[in-house]
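Colleague: What follows is each chain in one-letter form.
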Amino acid sequence: MKTTCTDVLVIGTGFGAAAPALRLAQAGAKVVMIEKGPKVETADFRQTSDPKYIRKYLKGISGDHLHLTYAEALGGGSGFYEMVSLRAPTLAFEQLDDAGRPLWPAGVDRRTLDPYYELAERMLHVAQIPIEEVPKTGLVFARLMKQLGYSVDRCRYAVRGCQGSGFCVTGCIYGAKQSLFLNYLPQAVAAGAAIETDVEAFAIQPLPARWREGTTLCDMPYRYQVTARRRSDGALILFAARTVILGGGTVGTAKLLSASRPYLRHLSEHVGQNIAYNGSVKVAALLPEDAPDADMFTGRTHPGMVSYQFLGSHGITVHAVKALPLMLVSAAHLRVRGDTRTPDFWGAANVELMRQLRHRMIILDAFGLTPPGATLRTVADDTRVSLPLTARLRTYHAETKRVLESILVRSGCRMVDTDFLDESFLPRDDIHFTTAHQVGSCRMADSKERGVVDASGEVFGYPGLYVSDGATIPSSLAVNTSLTILANAERIAAGLIERYRLPCPLAA
Amino acid sequence: MQDNISRRQLLQQLGLIAAGLAAACTPVRVLVNAYPQRFDDDPVLVDRVLSAFVTAVIPGAAAGDPDLTRAFTDRDYPFAPFAAFFAADLERRARARFGEAFERLSPAARTALIADGLAADATSRKLYSGAIALAQIACYAGIYDAKKGCTLIGFEGGYHFPQLADITYPEPTRFLAAALTPDGNYA
Chain A
1 MKTTCTDVLV IGTGFGAAAP ALRLAQAGAK VVMIEKGPKV ETADFRQTSD PKYIRKYLKG
61 ISGDHLHLTY AEALGGGSGF YEMVSLRAPT LAFEQLDDAG RPLWPAGVDR RTLDPYYELA
121 ERMLHVAQIP IEEVPKTGLV FARLMKQLGY SVDRCRYAVR GCQGSGFCVT GCIYGAKQSL
181 FLNYLPQAVA AGAAIETDVE AFAIQPLPAR WREGTTLCDM PYRYQVTARR RSDGALILFA
241 ARTVILGGGT VGTAKLLSAS RPYLRHLSEH VGQNIAYNGS VKVAALLPED APDADMFTGR
301 THPGMVSYQF LGSHGITVHA VKALPLMLVS AAHLRVRGDT RTPDFWGAAN VELMRQLRHR
361 MIILDAFGLT PPGATLRTVA DDTRVSLPLT ARLRTYHAET KRVLESILVR SGCRMVDTDF
421 LDESFLPRDD IHFTTAHQVG SCRMADSKER GVVDASGEVF GYPGLYVSDG ATIPSSLAVN
481 TSLTILANAE RIAAGLIERY RLPCPLAA
Chain B
1 MQDNISRRQL LQQLGLIAAG LAAACTPVRV LVNAYPQRFD DDPVLVDRVL SAFVTAVIPG
61 AAAGDPDLTR AFTDRDYPFA PFAAFFAADL ERRARARFGE AFERLSPAAR TALIADGLAA
121 DATSRKLYSG AIALAQIACY AGIYDAKKGC TLIGFEGGYH FPQLADITYP EPTRFLAAAL
181 TPDGNYA
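Protein sequences appear in the order of chains A and B.
Just so it is clear: in the first sequence, position 407 is 407 by my numbering, and no numbers are missing.
Just so it is clear: in the second sequence, position 116 is 116 by my numbering, and no numbers are missing.
Hints are supplied without guarantee of correctness; some may be wrong.
[Said to hold, decoys possible] Under the rule of at most 20 Å between Cα atoms (straight-line distance), these lysine-lysine pairs were calculated in the PhoX-like manner: (1) 39(A) / 59(A); (2) 52(A) / 39(A); (3) 448(A) / 282(A); (4) 147(B) / 401(A); (5) 282(A) / 147(B); (6) 52(A) / 30(A).
Derived by calculation from the structure, the hints in this document are not laboratory data.
All figures in this text were calculated on a predicted structure; none of them were measured in a lab.
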């Protein structure tokens, strides 16, 4: 079996992987990226509600009280996200654990990330949505908040020339959304990086090697062997790398490190633990007669506005949600509160409600600073996630729901009760969070006793083995996570370049 | 013996042994294929029953739509192995309660029978819930034709190209509340 030797092997091609691959390639290192998902580009995307198409790229992991959605494709989630690109508020970096200790390691906070946020924003052309492009759903949400005396801000997006088709989450067919295969990845290739898709790493082994601290990258011995498999034909592929960077996402990186534990015996016990998930709470209602049409189906998927009104008081941000019919009916049974007709979630009453979905329904969603309490476990090939429902979480859920319902009821809306569904389309019997904002399965910390990697992203006890993706982010952010993951990956890349004494690409 | 009979025959024999149990327990009835053979042999019959089911779940759904019941027998979805059994179960309930074929019942009677299925044993509840969800997903989302959507609820599907005037309102500033940030990022 042939072994591919490289200075840097980057596992993954999403937000956490793209920045170090680009910066290290620009600095002259030989970089190979591997991605287990398929190659994808703008021409592959479709504006469809076909579950078969969606399941090709978007995967899910369920378990007790939590469901995680993630992407497997070139560019990771960047092809399918809502392109919301917000900096995490300072409050997010100041969160403490149950023992009163900071969740974030010393030296990593909003101020240290700000230059990297700026860099990431430039790369993705992030800008605040122009007033004249805010979709109707966002404007109606803003109107409700305004009438109650609450603030709303125009949101920021990674997009150029948005056409407002409403199918952001199935991939932008116009190439307007700034997915990573439009910027970071082709720039990395132009700088000399190689990208192999359809290749899944499944074991990392340290190689016997000696070096002195301060050795430049090209003088380093090969320190890790990574065994991978081509998914199409099962062929095994070996890589030997001086440095390995894990960027396969919160789920992928934790699974790979867990699978490699027989070879990495000194890994922290925190691998797969401490997953934070932005505690999303959703409520739905029908708008009052005098409210304008909140057209659910036109304009960008994320409707343009975010409210920080309750961030200081409740630790939540609030926004409106636009749901295509597929997302709605596969997620919940809906019934108008007080409507006693049977059947309720199907039949005539349901058709009547679905006819109001487009123009009269409004859905509010809150993202919160919920504690990092979920765990990922793989037994055989079955990976499950579990989230203990603590009293604190129950209180958070109830209070957040109360805030959202209060906004709607005081605005004259009629509430729509939602029974969220399990995989068998049966109503869940308890609180269940769903998210695509999972972070923290291999979190940064000041010591191995509290996390998996240090503030530079290096795995405790394994020099030259790094994690640079969402798995390192140690807390919920209360805003969409992609920009913070990318900014932190830029920070980790800058640290690597400094550590290995590579020429700084940004200076050039 | 197993070499000389088909799997279906074997399962039916097992079904006879477990007849009492099979009558009461849906999982066993599914396992032993204890439903009329014609539902396995006649896809047109199954389609007629399922069409009657979908139009009861979604009153107003176009009965002549060739995609109306397609998802139930689409092998890419987990319902397909149970489609014939499900149609037979609807038919059995219809005969038992109304003495009439399911497809010939009034919408109200079909609705009542579906409610019966949802209120029956746990496996029936799962089967009927899944069937309702599949009907709603396929119809409301228009999963077999990206451009078709669902006229019943005003969803036009994909590949429609809205103008800016369709997306937003004129003079949008009249809607906006005070902002807390200069650029959308909270400090």
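Colleague: Next, verify each hint and record whether it holds.
Modeller: Results of checking the hints against the structure:
The suggested pairing of residue 39(A) with residue 59(A) holds, with an alpha-carbon distance near 16 Å, which does not exceed 20 Å. A hinted pair counts as satisfied when its Cα atoms are at most 20 Å apart, and residue 52(A) with residue 39(A) qualifies at roughly 17 Å. For the hint pairing residue 448(A) with residue 282(A), the CA-to-CA distance comes to about 36 Å; that exceeds 20 Å, so the pair is violated. About 36 Å separates the Cα atoms of residue 147(B) and residue 401(A), which puts this hinted pair outside 20 Å; it is violated.
For the hint pairing residue 282(A) with residue 147(B), the CA-to-CA distance comes to about 29 Å; that exceeds 20 Å, so the pair is violated. Proposed proximity of residue 52(A) and residue 30(A) is contradicted: the alpha carbons are some 37 Å apart, above 20 Å.
In this structure, the hints that do not hold are numbers 3, 4, 5 and 6, in rising order.
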